[in-house]
Structure formats: structure tokens, C-alpha cells
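Take these sequences, add in the hints, and give me the full structure.
The numbering used here puts the first residue of the sequence shown at 49, with every later residue one more than the last.
Just so you know, the hints here were simulated from the structure itself, not pulled from any lab data. Glycine is no exception: its CB is placed at the ideal position from the N, C-alpha and C atoms. Be careful, since some hints might not be right.
[Stated by the list, open to error] Here are the computed distance ranges between Cβ atoms for each label pair:
#1 VAL112 x SER87: 29 to 39 Å
#2 GLU79 x LEU151: 35 to 45 Å
#3 TYR91 x TYR66: 21 to 31 Å
#4 ILE68 x ALA136: 28 to 38 Å
#5 LYS83 x ILE62: 31 to 41 Å
[To be verified] In silico SDA-like cross-links for lysine to any residue, where the CA-CA straight-line distance does not exceed 20 Å:
#6 LYS83 x ILE68
#7 LYS81 x ALA67
#8 LYS78 x ALA67
#9 LYS78 x LEU89
#10 LYS52 x ILE68
#11 LYS52 x THR64
#12 LYS83 x PRO72
#13 LYS78 x HIS90
#14 LYS83 x PRO93
#15 LYS81 x LEU71
#16 LYS78 x PHE88
#17 LYS83 x VAL95
#18 LYS78 x ILE68
#19 LYS81 x VAL92
#20 LYS52 x LEU63
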Amino acid sequence: MDDKRVYISLATMILTVYAIRVLPFIIFRKEIKNKYIRSFLHYVPYVTLAVMTFPAILTATSSVWSAVIALGVGIIAALIGGDLFTVAISACVAVFLSELILL
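Shown next as C-alpha cells:
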């Protein structure tokens, strides 16, 4: 009985992933010329990444406040024009210093 459920689950996952990857090619055969739809599709990867990482940012440290401080420092470093490495290092230093001060 359990083996059957495993195979059904695997088949469902395979069909879902396949459908997500193939349906856009079937539905949208021509180039999308609508500027609003193109703009929407341009920002989908960024929004998806933000939605997946934001909860992890707030729970990655021992204190929510140090996470919020690091998030703020990271945003400021990114707005100033820092690359990914600079933003990551500055956020890590912010967490380290804020954890030292808060403890």
C-alpha cells in the first residue's frame, strides 16, 4: 500500500513539473508584445526570490532584531551600488556586531 502511494506521488510531481515547464511553450507560441505583460514577466524571478528568502532572513539569526538590522544594512549596501559579495559581507558584519551588542 505504501509503495503505491509513493509511485502516485512521484507521478504527480513529475507531471506537475513537466506541465509548468512545457505549458508556456504551448500557450505562448508568438512573441509577447504587450508591454504590461512583458514588464510583469520581467519581475517574476526577482519577486519569487524575495518571497522565498525574506522569511529565512528573519529566522536565520538568534534574534529577529539582528536580522532586521542586517536586512537594513544589506538593503543600504545594495542601494549604494555594492555587488553581491559586498552586500553579503556587510550584512554578516551587521549580524555579528548586533549580536555582540544585543547579548
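- Query: Should the hint that GLU79 and LEU151 are 35 to 45 Å apart at their CB atoms be regarded as holding?
  - Reply: violated, 56 Å
- Task: Given the hint of 21 to 31 Å, check if TYR91 and TYR66 actually sit that far apart at their C-beta atoms.
- Result: About 25 Å separates the Cβ atoms of TYR91 and TYR66, which means 21 to 31 Å holds.
- Pairwise hint evaluation, ILE68 against LYS52, where the allowed Cα distance is 20 Å at most: violated, 24 Å
- Message: For a C-alpha distance cap of 20 Å, please report whether LYS83 and PRO93 respect it.
- Response: holds, 17 Å
- Is the gap between the beta carbons of VAL112 and SER87 within 29 to 39 Å? holds, 34 Å
- Query: Quick one, are LYS81 and ALA67 close enough, alpha carbons at most 20 Å?
  - Reply: violated, 24 Å
- Message: So if I understand the rule, the pair passes when the alpha-carbon distance is 20 Å or less; does LYS78 with PHE88 pass?
- Response: Given pair LYS78, PHE88 holds - Cα atoms ~17 Å apart, limit 20 Å.
- Given the hinted pair LYS81 and VAL92, is their alpha-carbon gap at most 20 Å? With Cα atoms ~17 Å apart, LYS81 and VAL92 stay inside 20 Å; holds.
- Message: Tell me if the straight-line CA distance from LYS81 to LEU71 falls inside 20 Å.
- Response: The given pair, whose Cα atoms are some 19 Å apart, holds under the 20 Å limit.
- Quick one: are ILE68 and ALA136 within 28 to 38 Å, going by C-beta? holds, 30 Å
- Task: Compare the distance between the alpha carbons of LYS78 and ILE68 with 20 Å, and conclude whether the hinted pair is satisfied.
- Result: holds, 18 Å
- Given hint LEU63 paired with LYS52 - CA-CA distance at most 20 Å: holds, 17 Å
Violated hints for the displayed structure, listed by number in ascending order: 2, 6, 7, 10.
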